[in-house]
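Participant: Residue numbers (the working numbering), protein chains in the order written: chain L, 1 to 436; chain F, 1 to 564.
What you were told as hints is all true, and nothing was included just to trick you.
Label pairs and their in silico Cβ distance ranges:
| hint | chain 1 | residue 1 | chain 2 | residue 2 | range |
| --- | --- | --- | --- | --- | --- |
| 1 | F | GLY548 | L | ALA39 | 51 to 59 Å |
| 2 | L | ASP224 | F | THR305 | 20 to 28 Å |
| 3 | F | ARG416 | L | ASP192 | 33 to 41 Å |
| 4 | L | ALA428 | F | SER168 | 16 to 24 Å |
| 5 | L | VAL67 | F | VAL216 | 27 to 35 Å |
| 6 | F | GLY135 | L | ASP268 | 55 to 63 Å |
| 7 | F | LEU542 | L | ALA428 | 56 to 64 Å |
These are computed hints drawn from the structure, not numbers from a lab. Remember, it's a predicted structure, so these values are computed and weren't measured experimentally. The beta-carbon is built from N, C-alpha and C at its ideal position, and this holds for glycine as well.
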Amino acid sequence: MSRRQRRARPAPDRPSASEPPGAAGAGTRANPRTKALRAALAAAALAAAGTAWLLLRPAALVLPDPVSLGVADDPAVAAALGESIAALRRDPDSASAFGALGFQLAALGRDAEAAACFRDAARRDGRSWRWPYLAGAATRPRSPGEAEALFGEAVRRDPAAAWPRLSRAETRAELGRFAEACGDFEAVLAVDPGHARARLGLARARLAGGDPAAAREALGSALDHPATRRAARLLAGQIDARSGDDAGARRLLAEAAALPDDALWPDDPLAAELPRHALGKQAWLALLRRAEEEGADDRAAALARRLEETYPEVWFLLEGKLRASRGDPAAAEEAFRRALVIAPDTAEVHWELARLLAAEGRTADAVEAYRRLVQLEPAHGPAWRELGRHLLATDREAAVEALRRARDRMPASAEAREALRAAEQAAADDDRLEPR
Amino acid sequence: MPPPRRPSPPALLLLVLAAGCRGGGPEPPAPVGAAGAWFVEASARRGVDVVNDPGPAGSFFMPQSMGNGAALLDFDRDGRLDLYLTHGAGPASGATNRLLHQEPDGTFRDVSAGSGLDVAAFSSGVAVGDVTNDGLPDVVLTEYGGVRLFVNEGGGRFRDGGPSSGISGHDWGSSACLFDYDRDGWLDLAVVNYVAYDPSLPCHGRDGARDYCSPVQFPSVPARLWRNTGAGPRPRFEDATAAAGLAGAGGAGLGVLAADVDGDGWDDLFVANDQQPNRLWINRRDGTFADEAVLRGVALTGLGTAAANMGVAWGDVDGDGLDDLFVTHLGTESHTLWRQDPRGSFLDGTAAAGILGAGRTTGFGTVLADFDLDGDLDLAWVAGRVQAGPPAPAGSVPEAWRRYAETNDLLENDGRGRFRSIAAANPALCATPNVARPLCAGDIDNDGDVDLLAGTTAGRVLLLENVAPRRGHWLSVRASLGVPDRDAIGAVVAVSAGGGRRQRLLQPGSSYLSSHDARVHFGLGAADAFEALEVRWPDGTLERFPGGPADREVQVVRGQGAPP
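Chain F extracted, bound-state conformation (with noise of 0.2 Å):
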């Protein structure tokens, strides 16, 4: 059956008054991208106007190769996905971080003033969740120097919850996610740490060139992890991260992925190490993590090196029912995708896959994501380098970046887990060298589509929004747990669809110092209704609700489902 074409306008209008679909008011009519492109910038058009301040170029100072993180949430849950950007300058610096929320007409408006999130700050990584159950998420910032946590009073302010939240530490912090490790019903926080930097410590390239550091010339620093005690309103976590055995195993952390990987029902944590092995800690149900990677596959690549492990993406690549996992590296790497194949166990996947046929950059931010709706997963990074390389054109990046600058990649993936780069199609993400780190995945317009935020370091954000040729219907799931009303984070969201089964994971921490829209997104290929939906809820419970037609938002609640 070929994939379905555009409906007509008046059908169109049909559609969306049968589907119920959210969204505001009127928007700016959207550009369409060239022949073949699947992403048009709109920043400007959407009144997106932030250029990343990382500090003063020349001080070669280590936080800013590494990026400053982004984030899509809807802060005020009024159905529209919001920005929060941030700023590596310091807290000396005037460079806040800043809070933008979209308007019904599509546009963004800065409310940074008097949020409270507008810190100036080493900033680092961003995760997004709510801890205190009530239904609003709160956000925690990673630094260089610490982890903060944000708490959302509503109205459109945040308070720093402060040491007294029990969420502190002087490390260096990246990559961050919210998960519920014990099953108590509140969001426990992963903080990946990087390395103890000594910047007093001046580095250079092999060509004696001033340069940035590597991290393998610093001692690592071990992940914590922090247990919510679920004091509710005044949030009270626990450090547990020695009680949960993480507390001796080091590793340059940059990237986080909570998952349920061995299939007990329970979340595991996988920690993207740089230029050691990766850790996959397996959660034993008592509170405490083996780290199995080694045994499960994705410690090292295949060729059993310890790679330079920044981004993290999870997603079923090959529909197979089981997902995998891609993690971006150096340029001198090729990307890494490990295949689950049995249950629990991956072997690297990359060569058949197709990948190493994309350029070869040093990837951070990555995002597994229906682009086209035509039911498979497709691939798409962001890149820069951290050690300097050929310049890029004059005019592209600010002068101090240009040997940095490389450009992203995006690939479509042809059904069956093997990709193939279309960034020569794809000018808006892929054709501008720049130095990009975070990428975050969402609905941005609610539209039905997945589109992305691109942080790009000392350039302006990139708002991506998804044009790309319909291939096939849609559906978008919110799940709450009802009681407390907040997003199920750790929840896997199953829809059946045209024979087939896919499943997603609502986990917006993911890809590098990111978090993405909470809501989980599914192509549905030529399916124009699904079957069923079944969700795994993060507290192991199962349950089913009824089909429908595609193209629309549902929401499912725990509690009304039926068992399967």
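Bound-form chain L, shown alone (with noise of 0.2 Å):
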């Protein structure tokens, strides 16, 4: 690039009234075609801030109920929401509430609402770009088009934060609007020029506007971060494919084979911010069972209280498992059967029970707890599978049905296949055997 292009690209900290921060600098003389691209980036801008107004112009307070968004059930979300929700009837012009609620959404799945509450939020705090570019975050999956108008908003308040800017060339990328994605990416690097995650978006979406040699050109350190190298020389073998070089193509795709997957980008807003706003058993049950995998005792062990705290079944569960674990089939069963009073229909539980009973040698007891389980999961193949063979002894026609809709439910599953040939064979072998 030119000494005179680069004089004449505003500074990403001062945008120009007229254009939007960061644009494709096109060159320096006024050509016809660089002034209807400045054109049309200037009118595209003002649709976005038009836009971007329309979609944070005061509005009448509505705060969400949890009995309408489904999730009143779990007790423990509805208090939460609820005390989210009475924070801000009490101080209604509070982003930052408006903001914990927003983030209590998202982490439930209610994207539309979460975004209508990190707009509410971004009404009432007129500075931080981060209100805005959650609402265009959760809006995004849904419609890119409000996305973007909402990341230009973020952009506008503080034009020097990469994660706005960046995640409007994504957006802008995905609507297909190349030169101004390309813009994006390129203000980002003109402040970090290292940055991977924009050198990927760059060489993308030059690839896509059609100039393949600048898009391998872009990628340059995309090639070595670990949350780019491999999504990186994947690109980079596609157009090193298009360009004729199959030798180089197929050296890329064998590097980026032998790599493990992309990391997860640091930092990303609203990613880092979901699991402190996890809700709900299940969500911290996920949480549970990946701390321990990734060997995190200490927020394994925090998780685990936490989860017994509020979902005593859960206490009893684990107990049950411990007890049983210790040669204590007795005190164990006490704790499933009582986790069973809490919560009658948890599968995880019978199913524990039922092993325990069957261990025990109760057979009759464990093919009743089977029959419960697959009254209550009929796709527990599993379950089937047990109680089928718990049968055979007693009701070999039972047995067999079980043992076929453990079949059904497992196809894949070799034990299963050979549980039912068995039964089958025996069953077969007892009808032969029968006194005519």
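Mind assembling these two chains? They're in different frames, but the hints should get you there.
Facilitator: This is the structure:
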């Protein structure tokens, strides 16, 4: 890029009034194409600003209702949301209160409602870029056009912040506005030339815009960053293949195949926050499993405590498993049964109890427990299998039927197929041996 | 030149007599759709009253949410398309798949009983093609738990080929297609497999409510390829998956397409993978394939994401002579149109095609066809979520499925590969939320335009008759190998008309869990005649056939054409 071109481009922290910041510097001579492009960009910026105003203009206070959201069944979720909503009623001008509620709703998968909260936060805090950014992030899966305007508002509030520009750039690329997307990526790179995600995005936008050579050139540090190196090699390979360099393309693909999956991009404002706002038994159980897999013992312990305090049946389930593993079946059974008093439809407890009873040789009790489980979970293949196995001695016909259901639901399980085959063979032998 | 108007009744009669149209006897009069509508619902009028049974609600058994397939096929070769509709309630249920024969008056008669196709299963995909080369189309049924070949014995009877056919397995099969990958004249079979599902794993949405599982929670399973050994009436296939190089490549496959992508005359295999990169298996002409999806730009979207790839459609949307690839995704992603340019290489052209303007729904079965005969390919897809969302209005679908129901979409091509949604003008296809999965295309009433058959989970099958205002002429082509007298699956048929050239691939297996009419259909726009037909047969030979008037069905037979 020439010095003239560098001087002509507006600095990222001083956006020009008529041009969106970081617009693609398409040369310095005001040729007709450049004029037309600038006019188009200006029009787009005005449109985006108008849309942002429409999305963020003052509106009546409308708060979500846990019942209508369908999350009132979990008392902990309902309580947490209720507290957040009460806080908002006490201080309806609090951006942070709207933001907190927004994060909770996003964690629950209620993206539309979360976006509305983030917009409300943005209305009340006119300075922080985070709120319109978060509103855009929550909106983008459903409506990238609306999201682009929201990201644009975030850029307007802090032109130097990378995340809004990156997200706006990626959204613009999705919308097919590759020149504008390139402008945003280049603006990020003007501040941080090594920003790997911006380099990768710029490369994609340039390729889509019809300039594979410039796309290849843009990759740079994206080929080395742990969050982009694999994707960058795949893209480079695709570019090389389109350019006729098959050998180079295959080399890059081989390199990509040898790499682990790209790491998650750090510090994503939404993704980083969501785990902190996770609500509900299932969400906490999922976090607990992840913590255990990662070996994060302290985090796992804290989550387990939280679960046990809020959902006593979880405590009893974990207690039962612990007692069973320590060779105390009586205590284990008591714990499982107490869990079922609290939460009678918890399949995992039924399963653990049934297995415990079976291990104790209490076949009739085990059969009853497995029967309750398959009534609760008709698709539970292993439960059908175990039910079938434990019925073999007493009710061959029912056993075969149960094993058939197990086979049907676990068709790839050789164990299930073999169990059925053996039962059918035994039943056939019985028929032959039965006195006429 | 303005598009031709619909001819007057006497002229229409002459046209029919002159063209020698196929078709049965008198049909019930077709109702006219609402102004601007391209389709009307004709299920009831034609006696198609099949309600899909996916099994009991509330079990969240994952195969329920992935749907059950459907096929348009002419099983008795009487010139009228019949229907094969599947259920997913399982082998222990009484819900057997249905075979419906189209009668001369255009109504359908249930001939399932005794057909051999009336099986109860966790049915998934359907592929149709003549694997015995006896002139009768056979049926492949994929299931949660396997794949089965049913050999058409004639007289409305199908025989389960059983393990002796060599086609067996216990995987969760989804879409399938028949194609002759080794050019030996016998149709081979590709089945894409989904995941190794564990039904004991309860899954929940982010709100903690019980929901269907996501494929990312289970190991993916590679596609399988079976090579037809050419044994004839007692078909015998050998598992060629490993030999072909597909065995080590998992992928949560949902959609499949066999087409010559690299232009060497040999069919390649595209596999649409759910939340994983797609595979494009390039045929190396030696019995092996190599995955070149990344190199050729169809593994990931233009944003670099591995989308939830489901249904597949193939066709030249922008008239540049190169077929393009359309794949449906989740509602939180935009469906992707990959434009081919240059040959064998693709770029994401979704935004430029205007597809982003259509509704954000989770798409499954999809079709590219010239519904209004103006000479360009229009686009349709059917939809329905795989995980719960805001509920549809009460009464639109059974209560258990309200949170999964979405509306279908129909998009008109402007002739340059840009689309705009005309869903609002097409209530029969697009107004009522449903949980739809397969979408089949074909000229069901033999009137020269493309009709649709959509399967809906726990709902009535939709038979949608095309009533689009005709903006041009048409040509329907049946391409036969001659000896054997079977559909030339894998042939590429090109028509020269009105100064332009259009090509179509003869491949019934695409979309999602679906099998289409085995004829190829062209809208010719203003051209009321065509100059020539050119066919590249599956074995690579090229032949040219003379032209003639439009608005009829013609048959081309290998060996009866002239060298180009």
